[in-house]
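Going by the UniProt record's numbering, 46 is the number at position 46 of the sequence shown; the sequence numbering is gapless.
Rather than coming from a laboratory, the hints here were simulated on the basis of the structure. For each residue, glycine too, the CB sits at the ideal point set by N, CA and C. Where hints are given, some of them may not hold.
Straight line, CA to CA, 25 angstroms or less: simulated BS3-like cross-link-like pairs of lysine-lysine [what the hints assert, rightly or not]:
#: 1; residue 1: 83; residue 2: 69
#: 2; residue 1: 93; residue 2: 69
#: 3; residue 1: 65; residue 2: 83
#: 4; residue 1: 72; residue 2: 83
FRET-style restraints, in silico, Cβ to Cβ [as the list claims (entries may be wrong)]:
#: 5; residue 1: 47; residue 2: 80; range: 38 to 44 angstroms
#: 6; residue 1: 84; residue 2: 111; range: 14 to 20 angstroms
#: 7; residue 1: 72; residue 2: 131; range: 35 to 41 angstroms
#: 8; residue 1: 49; residue 2: 128; range: 38 to 44 angstroms
#: 9; residue 1: 47; residue 2: 131; range: 47 to 53 angstroms
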Amino acid sequence: MARSKQAIELQRSLFSFSTGDIPPCHDRPGLNGYRRLCYTCAYAERDGNILFCRRHVMVISVRDKYGLKEWKALREQILDRDKRRCRLCGAGKYLHIHHRDGDRTNDAQENLVTLCESCHRRVHTHLAHIPEIPAGQDDDSAP
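Produce the complete structure using the sequences and hints provided.
Following this line, the structure appears as structure tokens:
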């Protein structure tokens, strides 16, 4: 086994040995059942290159969250809600969906916001801040 692969196997979290807690996908495999996250789960079984979830009785084949069908549908909902415009600058191209709290498994709609590629990069490098939208405020106030 290659040295880097050994290191990855050794870095599995302690959670991966306990099936008593909520799994890393938060029991939403349609939004969070992807290989990189599932590798750390106690319910995951590996057989060569196949990763199987015993809890949800499914093969985990998608490498990254953003390839999941349910994520793509949720992304479209957020884009529609935000009128397919960046909430910071109003750009309509190269749009990303940003998790406000930084937790890629927290897909609550209030945690998701549309940003253009440039503003998304600025937010992640702390050069920009996403203002909070008070409850009940009309989204028409966005740029």
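>> Taking the earlier hints as the rules, which of them does this structure contradict?
In response: Violated: hint 7 alone.
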